[in-house]
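For the record, the sequence lines run as chains A and B.
Okay, so the first sequence: first residue is 1 according to my numbering, each after it adds one.
Okay, so the second sequence: first residue is 1 according to my numbering, each after it adds one.
It is possible that part of the hints are untrue.
No distinction is drawn between identical chains; accordingly, a pair holds when it is met within one copy or between any pair of copies.
Computed list of lysine to any residue pairs in SDA-like fashion (alpha-carbon distance at most 25 Å, straight line) [unchecked claim]:
#: 1; residue 1: K323; residue 2: S9
#: 2; residue 1: K370; residue 2: R308
#: 3; residue 1: K79; residue 2: E265
#: 4; residue 1: K28; residue 2: L199
#: 5; residue 1: K269; residue 2: L21
#: 6; residue 1: K30; residue 2: I251
#: 7; residue 1: K30; residue 2: D246
#: 8; residue 1: K28; residue 2: A151
#: 9; residue 1: K370; residue 2: S141
#: 10; residue 1: K30; residue 2: V197
#: 11; residue 1: K323; residue 2: G299
#: 12; residue 1: K30; residue 2: R249
#: 13; residue 1: K269; residue 2: S141
I should point out that these hints are in silico values taken from the structure, not numbers from a laboratory.
2 protein chains.
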Amino acid sequence: MAEVNASFSLEEGRELLLAGLKPTGRVKIKLAEAPGRILAEPVVAPRSFPPFPRSRVDGYALGLPPAGREVPAGGASGKIYRLVATVAAGSCPAVTLGPGTAAAIFTGARLPEGTMTVIPRELAERQGDLVIVPELPPGGSFMEAAGSEVAAGERVLAAGTELGPAEIGLLAALGLTEITVYRSPRAVLASSGSELVELPGLRGGCPGGRQAGGEAISPVASQVQALGPRIYNSNFYALAAAASRDGARVIPLGPLADELEEQVEAYRKALEEGDVLLTTGGAGGSIRDLTAAAFTGAGGEILFTTIRMRPGRRVIAARRGDKLLLGLPGNPPAALVAYYLLAAPVIRALGGREVLPATFPAVLTAAIDKPRPERAFIWARAWPGTTGWQVAPLPRRPGGIRAAIGANALIDLPAGPAPGAGEEVRVVLLSARGSQYGLPDNK
Amino acid sequence: MAEVNASFSLEEGRELLLAGLKPTGRVKIKLAEAPGRILAEPVVAPRSFPPFPRSRVDGYALGLPPAGREVPAGGASGKIYRLVATVAAGSCPAVTLGPGTAAAIFTGARLPEGTMTVIPRELAERQGDLVIVPELPPGGSFMEAAGSEVAAGERVLAAGTELGPAEIGLLAALGLTEITVYRSPRAVLASSGSELVELPGLRGGCPGGRQAGGEAISPVASQVQALGPRIYNSNFYALAAAASRDGARVIPLGPLADELEEQVEAYRKALEEGDVLLTTGGAGGSIRDLTAAAFTGAGGEILFTTIRMRPGRRVIAARRGDKLLLGLPGNPPAALVAYYLLAAPVIRALGGREVLPATFPAVLTAAIDKPRPERAFIWARAWPGTTGWQVAPLPRRPGGIRAAIGANALIDLPAGPAPGAGEEVRVVLLSARGSQYGLPDNK
Chain A
1 MAEVNASFSL EEGRELLLAG LKPTGRVKIK LAEAPGRILA EPVVAPRSFP PFPRSRVDGY
61 ALGLPPAGRE VPAGGASGKI YRLVATVAAG SCPAVTLGPG TAAAIFTGAR LPEGTMTVIP
121 RELAERQGDL VIVPELPPGG SFMEAAGSEV AAGERVLAAG TELGPAEIGL LAALGLTEIT
181 VYRSPRAVLA SSGSELVELP GLRGGCPGGR QAGGEAISPV ASQVQALGPR IYNSNFYALA
241 AAASRDGARV IPLGPLADEL EEQVEAYRKA LEEGDVLLTT GGAGGSIRDL TAAAFTGAGG
301 EILFTTIRMR PGRRVIAARR GDKLLLGLPG NPPAALVAYY LLAAPVIRAL GGREVLPATF
361 PAVLTAAIDK PRPERAFIWA RAWPGTTGWQ VAPLPRRPGG IRAAIGANAL IDLPAGPAPG
421 AGEEVRVVLL SARGSQYGLP DNK
Chain B
1 MAEVNASFSL EEGRELLLAG LKPTGRVKIK LAEAPGRILA EPVVAPRSFP PFPRSRVDGY
61 ALGLPPAGRE VPAGGASGKI YRLVATVAAG SCPAVTLGPG TAAAIFTGAR LPEGTMTVIP
121 RELAERQGDL VIVPELPPGG SFMEAAGSEV AAGERVLAAG TELGPAEIGL LAALGLTEIT
181 VYRSPRAVLA SSGSELVELP GLRGGCPGGR QAGGEAISPV ASQVQALGPR IYNSNFYALA
241 AAASRDGARV IPLGPLADEL EEQVEAYRKA LEEGDVLLTT GGAGGSIRDL TAAAFTGAGG
301 EILFTTIRMR PGRRVIAARR GDKLLLGLPG NPPAALVAYY LLAAPVIRAL GGREVLPATF
361 PAVLTAAIDK PRPERAFIWA RAWPGTTGWQ VAPLPRRPGG IRAAIGANAL IDLPAGPAPG
421 AGEEVRVVLL SARGSQYGLP DNK
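One chain only, chain A, in its complex shape:
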């Protein structure tokens, strides 16, 4: 095992991980698969938009002004045009407008050749096949030239753009049915610990004797199989959900026993298949904590083993070539904190996504329960209040499997006294869960 045992701040650790990290590749996909993906190259418009000159309104397309017909006609005064056609949206204009002629036209319809201007219906007066047109109001432009919104050859989207609804709409308007985006980074997810079993679980409890300490089973528990001395591999499901949301393609490696050779072998293979390896458990400093040794055995060079924060203090990071190995804590909420603050930036950078979880100030609606001797991240719920963002720390619970339930944010709390209600703290927003998100009803 490597000698490195350096302790870093979160920011230093993140910098080490992200140094030189680049998207892992690019792939051509169909427009229908594009939402949420990241452009790997700029988009250049293959054609202009609108592709033809069109009307912005229901009204009349007018040719050159009529010569000598500027006399009053039936009470209305203005220029008199003769109506020679009607052009509906989606139809080809059958005429060319000469001087003194007009065509009734509808919003979005292609303008006939010879169109000089367009006037909205309510500003003109129609009498049979004549249209009487007053002076046009200044500045009113009711026609759009071809290419007035996008010129062919223009760069309309930059590499790195996330394709949301508006960007998808633009691509469709330009007729782009294939787009080159960054490849989804492949994240191999393993959980280490001989106490872990895969769902739906192992049959058979511990032989002999009653179940020490209870193992209370409710009436509905018949569906749950006996686990013996083991627990379900829950970290995999939690991290798979998080990594998928950050754009990763998740490759499951399954739970691994506390056996060094087995882990080294598994991690070697993982580095062939994946761009990044995330493990949970075995990140502590005891003789049964094998992660650092297994990372080294699989060819990794240790970057750090400790980050100065709670929870998530023990995080093993290693690099092998352009692949990263990250050993997160085995405790579920600690694993998630380390995921959000250290692994998510890596996965997002590999996918060409924006990287840093930015912090911003929010006002505490309840006091922090106790001072912390070290920088701490506290599960919380944040929401936009009328006067600004507010944040409530979640109630503390024994153990931790429920610590992060209902959270959408982490409070980034420096070492020192516990701030009280009404004081400002900094928060990291973890998801777009908004103000309506209710805390779970826990009786």
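Following the hints, position chain B against chain A.
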């Protein structure tokens, strides 16, 4: 067509739409499909967690104190226990601890029967098969009872909870492989307008003559087929991306011509297949704006036709039984504004999701370009700054196909003078796009 032509504020319109709206149903899904879904019923723990008493640390499980062996032993002082077993995580303890006996134990391992307490390795001294244990520090509890985190039968998640990574992890830890969530609402998406064609487009331009006004084609445009007087149905792709993100299952209805009977027939069918119908185009007040008439023809009762805001002023809303029909503007950014502010709440409510896009204050980094005579929503980019949220209005562009590119927020601007840089405005956050999101490079 109905006589109703009432104009409402955004909030009034939204209230009309949401009145009595309920999730459309529930469905049982596998855990792997659960991320991002919404619980349709509370989750009751089928078993306790941890399922067996376990150690929080690497150390020693101790039986009852030894009788008469509290003498100093080799320099160390304390109680002397005899080591009778080693229990690794995941293994069944082979012993029952009697008075004065101990077992070496590892984090997460099941405690032997008879365990009274656990002491971390670093607090004890081992001499061969003896363990010398000093007075335990007060308050230190290094063992977890079965059920100490979750008791069997306890309600751990409320109906309406969004299943994020932490909640998924909890379900996995409890061995729940099937979960009942709200059914995804079915959103039928249609675009009306005879000028629309489906991608990849129609062959053949307008016959005869040169292409009026240009139709500039770039060197790469050979892949784009001629559209004649038509444009691509881009609103469908934009709205499909947005509605999917809000949890809808999208049913495409394709572009519809400006023909009342065709639309009535299509919308009737849509209401059989979908929970909500979204259309774009035809929402204005001219004779070719058929949406209101088509909604009425399809059995809808008009709720409103105008919302006092820009853009998105013309929005047709109708109800037929428990189905809603929403006619959004045809202009792409206006359609998106109306989607986010009126349609998204409907889709989210039908899926049991949190509903209201909450607004919060942010400081303008650039002035709003001009005063607005009416409440306006302005495409913007918001990010959490060191001192709080900041927001920049996006540059205005001709037309609108690019108006929303790069936006992650809307500024909710009341009628009146244009606020300057440094002034506070209210924003609606539309996505979790964070501070690192770069504006597209448009030369």
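Right, here's what the structure says about each hint:
Within a single copy, K323 and S9 get their C-alpha atoms as close as 22 Å, which meets the 25 Å cut-off; across copies the closest is 54 Å, which misses it. Proximity of K370 and R308 under a CA criterion of 25 Å is satisfied intra-copy only: 18 Å inside one chain copy versus 49 Å between copies. In this assembly of identical chains, the alpha carbons of K79 and E265 never lie at most 25 Å apart, being 87 Å within a copy and 43 Å across copies at closest. Taking CA atoms no more than 25 Å apart as the test, K28 paired with L199 passes between copies only; the shortest distance there is 17 Å, against 35 Å inside one copy.
For a Cα distance limit of 25 Å, the shortest separation of K269 from L21 inside one copy, 21 Å, qualifies, whereas the shortest one across copies, 51 Å, does not. Taking the shortest alpha-carbon separations for K30 and I251, both the intra-copy value of 23 Å and the inter-copy value of 18 Å come in at or below 25 Å. With identical chains, the CA atoms of K30 and D246 are at most 25 Å apart both within one copy (20 Å) and between copies (21 Å). When the C-alpha separation of K28 and A151 is checked against a cutoff of 25 Å, the pair qualifies only within one copy, where the shortest distance is 24 Å, while the shortest distance between copies is 50 Å.
Taking the shortest Cα distances, K370 and S141 sit within 25 Å of each other only across copies (19 Å), while inside one copy they are farther apart (65 Å). For the identical chains of this complex, K30 and V197 are inter-copy neighbours only, at 18 Å across copies versus 39 Å inside a copy, given an alpha-carbon limit of 25 Å. When the C-alpha separation of K323 and G299 is checked against a cutoff of 25 Å, the pair qualifies only within one copy, where the shortest distance is 10 Å, while the shortest distance between copies is 59 Å. Taking the shortest Cα distances, K30 and R249 sit within 25 Å of each other both inside one copy (18 Å) and across copies (19 Å).
Taking the closest pair of Cα atoms, K269 and S141 never come within 25 Å of each other, the shortest separation being 64 Å inside a single copy and 40 Å across copies.
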